[in-house]
Amino acid sequence: MTRAYGSRLALDDVHLALEPGELAFLVGPSGAGKTTLLKLINREIRPTQGEVWVDGIAAHSLKASGVAGVRRRVGVVFQDYKLLPRLTAMENVALALQVTDLRVSDEEASDRALDALEAVGLGDRGRAFPHQLSGGQQQRVAVARAVVAQPPLLIADEPTGNLDLETSWEMMDLFEDIAAFGTAVLIATHNVEIVRRLQRRVITLVQGRLVRDQPAGRTGRLTWLASS
Amino acid sequence: MAGIVVRGRFPRRRMVQVVGTNIFRYIFRGAARNWVRNMGSTAPALGSMTLLLFLSGVIGLSGLALYNLEQVEAGQASVLHVYIRDSAASIDVDALWDRLTQDRRVASVALTTKAEALKRAQRIPGLPQLADASESNPFPASLDVQVKNINDVAAIDASVRNDIAVDPAYPTSYDQGAYQRIQAVLFGLAVAGLAFLALLGFVAVTVTVNSIRAAIHSRRDEVSIMQLVGAPRWMVRGPFVVEGAITGGIAGAVAGAVTFGLAMTGIAAGSSSFTQFAPGITATVAALAAATVFAVGLGLGSGSSLVSLRRHLES
Chain L
1 MTRAYGSRLA LDDVHLALEP GELAFLVGPS GAGKTTLLKL INREIRPTQG EVWVDGIAAH
61 SLKASGVAGV RRRVGVVFQD YKLLPRLTAM ENVALALQVT DLRVSDEEAS DRALDALEAV
121 GLGDRGRAFP HQLSGGQQQR VAVARAVVAQ PPLLIADEPT GNLDLETSWE MMDLFEDIAA
181 FGTAVLIATH NVEIVRRLQR RVITLVQGRL VRDQPAGRTG RLTWLASS
Chain U
1001 MAGIVVRGRF PRRRMVQVVG TNIFRYIFRG AARNWVRNMG STAPALGSMT LLLFLSGVIG
1061 LSGLALYNLE QVEAGQASVL HVYIRDSAAS IDVDALWDRL TQDRRVASVA LTTKAEALKR
1121 AQRIPGLPQL ADASESNPFP ASLDVQVKNI NDVAAIDASV RNDIAVDPAY PTSYDQGAYQ
1181 RIQAVLFGLA VAGLAFLALL GFVAVTVTVN SIRAAIHSRR DEVSIMQLVG APRWMVRGPF
1241 VVEGAITGGI AGAVAGAVTF GLAMTGIAAG SSSFTQFAPG ITATVAALAA ATVFAVGLGL
1301 GSGSSLVSLR RHLES
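Chains as they are written, first to last, in this note's numbering: chain L, 1 to 228; chain U, 1001 to 1315.
Read the hints as simulated data drawn from the structure, not as lab findings. Do not rely on the hints blindly, as some may be mistaken.
Unchecked claim - What follows is a set of in silico ranges between Cβ atoms, one per label pair, in the way DEER data are often shown:
#1 U:Q1017 with L:L87: 21 to 27 Å
#2 U:H1217 with L:W53: 30 to 36 Å
#3 L:Q49 with U:G1040: 33 to 39 Å
#4 L:F181 with U:V1203: 33 to 39 Å
#5 U:V1203 with L:G121: 51 to 57 Å
Said to hold, decoys possible - A few chain L positions that, by computed beta-carbon distances, are all more than 12 Å from chain U:
#6 Q49
#7 S134
#8 H190
#9 R196
Quick caveat: nothing in here was measured; it's all calculated off a predicted structure. Using N, Cα and C, we set each Cβ at its ideal position, and we do this for glycine too.
Make a model of the complete structure from these sequences and hints.
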């Protein structure tokens, strides 16, 4: 896929596929096109050329009215959490369930939200509002919200950007668990230490081009470090 | 992780209840809560819309009254009084009567004697003094001709004014152009009223569109989060439309109530003079006008919101 903003190419002829249960890192210097790629997957923007397929849906050709269909299949985690401040942790998670499927009752939504919060280690903080939680806890709530509907794909844009190292590692453990349950996970990050130690697939973007796609277990020298 | 979720099969009625509850929560309750929260920014829209709707109600009722008045005037204008000469022979009057009754353009002919003319004049303010000032009865007998089509009144007038039985000094009551002048005045009033309403409507829609835009802007993060978690477009836009409808509904209810109250006060005060100035305005008509104002408010509010959403909310 290719994506241009005016005359500037943000992504230039990038090809990649993720398998179910695969965890991959998307790395590269600032402005390399990582966020653009994630936005294309979540159909926040359309490719200028090429195709984006998400769980069998052609995201590139969807009209605005069909975008919600793709987003139900993609869980998203942001660096700044993006929780609704007037809702509790439980309500934030339940919201993601009920807005995508109105047939989910309050009881079912609460049960499943609580399950998701327990899975991220916050079963006892469901009634807390975002401002009453630490950054790491807010990010965990965001992860719970992203996976509560059990999407086939989870994308995360700098999920550890606002977290300390210890919390970042806890977050990575969480992503590994999610991948172990069969969800494909794509994480855009600058955190070299995490990428090196986890030894997962690493996709490197530089100036909009996919310059390297290193399979899991063979993460050697990170190409983009030299250019950043 | 969340684990595998096994979904039970709800009975259809339960499913409908759950869906209804969720729609109510996310669309209507959310909209009501946001409306209360944004009341400050909504106030100008509410005020201008209330004013617009109230004036619409008043202008609408006035328009109806004027239309009825015009019908009354048209009815009166199509009656031609042919004044009989005092010295006219009865054979000549009978001949004129026969000629008029046989005319296809004439609906009916009635004779008003001098005595009846005097009696009628004494009921009209100012004329009794005139009648008393003269020793004899100054009011002539007349043939009151009801013409079927108001446009034929001039031709009937022309055909009778030189008749031997007709008073040569004041042959008929025909006043060329009187009805046309009334029509012109009413048409001018209608055009001015509509132009005024159009201007107010433009202002109200503009203010409402801007207030919804402000609401969208203030909840931009919330909207984008809803979109990112997969909320369908109608669920993101729905609360804004309902918010607009709440604004329009409240404005319509207030304006409708004031319009109704004003009309009822007029009717109660009234007096025959009111009935005369606003013919056809009854309690039922006033209630219908109030209901229409309310419905227009709902439509105006939600319509303005839709316009604003189309312009300002990216999908």
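Hint check:
{"no.": "1", "hint": "U:Q1017 with L:L87: 21 to 27 Å", "result": "holds, 23 Å"}
{"no.": "2", "hint": "U:H1217 with L:W53: 30 to 36 Å", "result": "holds, 35 Å"}
{"no.": "3", "hint": "L:Q49 with U:G1040: 33 to 39 Å", "result": "violated, 47 Å"}
{"no.": "4", "hint": "L:F181 with U:V1203: 33 to 39 Å", "result": "violated, 57 Å"}
{"no.": "5", "hint": "U:V1203 with L:G121: 51 to 57 Å", "result": "holds, 56 Å"}
{"no.": "6", "hint": "Q49", "result": "holds, 22 Å"}
{"no.": "7", "hint": "S134", "result": "holds, 20 Å"}
{"no.": "8", "hint": "H190", "result": "holds, 22 Å"}
{"no.": "9", "hint": "R196", "result": "holds, 26 Å"}
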